[in-house]
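**Q** Heads up: the sequence lines are chains A, B and C, in that order.
Mapping of the first sequence onto our numbering: residues 1 to 535, in sequence order.
Mapping of the second sequence onto our numbering: residues 536 to 854, in sequence order.
Mapping of the third sequence onto our numbering: residues 855 to 1135, in sequence order.
The reader is advised that the hints may include incorrect statements.
Taking lysine-lysine and the DSS-like style, the derived pairs with C-alpha atoms no more than 25 Å apart in a straight line are [unchecked claim]:
1) B/Lys538 / A/Lys415
2) A/Lys165 / A/Lys297
3) A/Lys165 / A/Lys100
4) A/Lys307 / A/Lys386
5) C/Lys1080 / B/Lys538
6) C/Lys1080 / A/Lys381
7) A/Lys122 / A/Lys64
8) C/Lys964 / A/Lys418
9) A/Lys386 / C/Lys964
If you're looking for bench data, these hints aren't it; they were derived computationally from the structure.
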Amino acid sequence: MKRKTKVTFLLIFTIIMTLLVVGCQGTNKPENDNKEKPDTTGPQDGGQLVVGLSQVPKTLDPVKYTGTYESNIMNSIYDTLVAWTDDQQKIVGSLATDWKVSDNLLEYTFTLRDNVYFHDGKYVKGRKLTAEDVKYSLERSATQSAMGRLSDLKEAVVVDEETVKLILKQPNAAFLARLTDPGNGIVPKEEVEGWGDEFGQHPVGTGPFVFDSWAKDDNVTLVRNEKYWVTKPHLEKLVFKFIPDQAMMSNALLSGDIDIATDVAGPDRQKLKADKNITIQTMPGMNVYFAAMNMQKGPTADIRVRKAIAYALDVDAAVKNIFQFGGATRAYLPLPKKSWGYDPALEELAIKERNVEKAKELLKEAGYENGFKTTIVTPNKPYRVKWAQIMQTQLAEVGIQADIEKLEWGSYSDKVSKGEAPIYLLAWTWFPDPDFFLFQFFHKAQIGRLGNGQGFLDEEVSALIDEAKASTIDQDKRKALYKQVMEKAMAQVPRVEGWHKENINGIRNRVQDYNICPDDQVRIVTQERNVWVKQ
Amino acid sequence: MLKYIVKRILGLIPVLLCVSVVVFIITRVIPGDPAAVMLGPQATNEAVEALRQKLGLEDPLLVQYGRFLLQLIKGDLGISIAYHQPVINLILNAFPNTVLLAFAALLIATIVAVPVGIISAVKQYSFFDYFSMTLALVGVSMPVYWLGLMLVLVFSIKLQLFPAIGMGSLENGLGDIISHLVLPSIALSTIPMANFARITRSSMLEVIRQDYIRTARAKGLQEWIVIGKHALKNSMVPLLTVMGMQISMMLSGAVLTETIFAWPGMGRLIVDAIEKRDFMMVQGGVMFLAFIFVMVNLIVDILYVWVNPRINYDNKGGK
Amino acid sequence: MEHKKNKVLKRLKKNKLAMVGMVIVIINVILAIFAPLITPYDPNEMHLEASLLPPGSQGHPLGTDEFGRDLLTRILYGSRVSLIVGVVSIGIGGTIGTLLGLIAGFYGGKIDSFIMRVMDGLFAFPYVLLAIALMTALGAGLHNIIIAVSIINVPGFARIVRGETLVVKEQDYVEAARALGAKNKRLLFWHILPNCMAPLIVYATMGIAGAILSEAALSFLGLGIKPPDPSWGSILKAGQEFLGVAPHISTFSGLAILFTVLGFNLFGDGLRDALDPRLKQ
């Protein structure tokens, strides 16, 4: 009898499950909300903007953040002393109205704006920003930054209520660029110390938007800072939604769940273009992808071999294949096209056309008539893994047998830094100042680090880079010096440049006054823009 | 009975200890540096080194294992390296999603497989029988990830009926979640469905041949009453066992299914953690899954004994 | 013994589905061995300008992949990886598992508990996660896949063989042999093992199917063999990106996996029925 009950129980259970499924099948999926809104002229106040980010941020504490997806949010919460113009060609004042640089490039003195107030937090209530805050924030960054973002700073001195002097460890003409990083944003001491380790979850700054809430793994919501010193933001609410998948991101944009999709993939581009409510914005990115060859050991230490490899590779065909649906342009220089140091005249120095015969000749000269074995080291990133495969095939045609070593980031950077990678594929993206590229790639001090893992060693080049960094802040003079750096470096064929990846954003048409930036950072309210939405 | 349960629970301790050793060794053998992964390309060597110190990755392995075990006993799975959050919080976010997916798949599997199995048994050697059992073999041979892609191709890309990825959000109503659930749960249900159909059929066949069924038939009871009332309930017992055994398979299948459909569950969480070298997350997540697995097996075994008291349970359970 | 074998073969031949399975397996083996004779292309030969061609394009019956490599050629060569991983890793994992199972079942006691606890521990991992973790630790490559897939197959064999051993060792003829003074080693390998063979063969056949699926899954996750060598799983993965524009890449490579695995499963199923008619479902 008892057994019967148990079995009946199981039976009923099964029946309930059946009913559940039948019931479920009746429900509809939500419909897309694509209603046209009436057109009006002139900026409108109010409404909310939803921005899709491709990764989930971990912390919004300036000294702790490590990823660009985090700085995308921080740009709207914090202000820095100085900032880039939206096209990133020039640095202008932000919290500082003016600054002076000493002749030895060791002291930067800033005059602060006097109408800036912090957001209301738990420990400060709309307090005015002071010189002490600047000193506190920058010294905190100098000593605690996870990325060493201000390691050049020796100390900050409060001269008077509105003046702060920053003293550097060594002369640095590129120092201002460092200060534009949201990692060097100005924070109130009371909040940082009050929250302790949790400040990154409850950020307070002086920026256009005030932190409101953080739904883990889903979104961060900000609200308008009514007292923002530049202007009152049009938007009432700014939401950053985390969508860690490119296809999902495009779908969310199509359905109107988000207004701006960052990080749109090539194949999705067509789909988005076809929708009349969506505009695609592209911009050559502040990056360069390249293959570097080891100059210290192995066959590639011989310039003839490096030249042979450069002739053996058909970069045009590779870029065309990898980006079949668009999204990149071929690179010729070790500098992003949008950097002020870029000089198109130098492109002629690059080996542009494939020439298998010449490659074979050069190999023969170098004593590798029968080729040799080598390894292409790449991190596990789709574009570079593809390039590695194409390179492998193209190198085989001149007799070079290349093995592909696909590594996780930690092992990859370790191997490259130690100079153990014969050929490695690297992507570099940073500030527009050429120092953040050329010093990292070609200065002897960077041997043993990721940027110069190939061991490029040339005293003259190092001296020129030092000069460009330490002798003047005049952009034209520095540009001329960097031109020489590139000429001398490229003459040694240290690397084969791959491509500049384009930043691609998808934007719903109701969003006004928004433009994609070269560094692919989302900026909503700056001194040049105040994004608003049509309601 | 109680003695049996206690004995089984005690037996779990060495198994879990063994899992902890294996998972610890594997996570430490994996080359790579979570600190470097976290800091990315612009990090200086000094910054990476400092972070390693802070994360306790420089301590001797035995110390690290001791710490891991001690925390485990206290029920603490540590802090995720990549997310700066307690591992248990991340698991508690993701696990219900995996359960939802697995349960939906189990549901689909049962609803399709049980009737098919019964009909196949009742009409043994019929065309339907051959056809459905061949189909079941195809189901067992199915690469889940491929089926997943094909479902996406047909139902998302071509017909645009269901979303291809993600889980949707409750904010958009239950319908949103269900429409996201359809494709992954169908993909995940294939293998259990095929297994269930085969088991139902074979245990049905066995039951049908029993005397009391013959008696019932002889009494002139209608066929469907005989099958539905007498045969079915008796053939449910083996199905229940198989369902239990299927849990491990489902968790494995879920890893792949979640990867394809970007379903925010445990499988994706752990695969992602392996990629990021987030050792704490990997060891915590795997320990958690192993714990769930042995507990489910235990419950299934106990249920089995409960439904089927004739079984001499002292001889069961691997002794 | 001979007589029994003939009877099994006879029963097997009568099972149509098992024969279909066997034919699929044999065709697979032939295609794998003679791949270079069947296709004019090299599997790694790229034609960047002819990428993502649809099936039926001139010279490419199944079309081309993202680098313009002939898809048919890559699938043909991919069968080599699948078969090698399937057979070798079941060979290794099966042998180790069988030995452990024999020892555990035969000696019992502490040895038994120890071995089986470790096996339970391995079993408690979702096997895909175990394989992923192992591959991440070992790094990509054919050898490492074989190692990883072997390891995940050990516990299953150990369990089956241990169960069989427990039954067989109580049988009269084993007792008789023991009474006649047979040594343990002789007992294990001459008397017990042969009597475990039937279920073992069935399990191994099905195991090959499982191993092929595991290899494909690992390659699909990007942890399998090194590029550019073709594996069905990695072709499938490469096709995922182009599912909308070039669905043939994923479709055909998946079908190859499905048919091969089905072949082994059909054959194994028939084999089980033939070896032990009582088990016929």
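**Q** Each hint needs a verdict: does it hold in this structure or not?
**A** Quick rundown of the hints versus the structure:
1. B/Lys538 / A/Lys415: violated (57 Å)
2. A/Lys165 / A/Lys297: Given that 25 Å is the threshold and the Cα spacing comes to 46 Å, the pair is violated.
3. A/Lys165 / A/Lys100: The given pair, whose Cα atoms are some 9 Å apart, holds under the 25 Å limit.
4. A/Lys307 / A/Lys386: Measuring from Cα to Cα gives roughly 22 Å; hence the hint holds.
5. C/Lys1080 / B/Lys538: Given that 25 Å is the threshold and the Cα spacing comes to 53 Å, the pair is violated.
6. C/Lys1080 / A/Lys381: It holds: about 15 Å lies between the C-alpha atoms, which stays within 25 Å.
7. A/Lys122 / A/Lys64: Measuring from Cα to Cα gives roughly 20 Å; hence the hint holds.
8. C/Lys964 / A/Lys418: violated (49 Å)
9. A/Lys386 / C/Lys964: Violated - the C-alpha atoms of C/Lys964 and A/Lys386 are around 53 Å apart, more than 25 Å.
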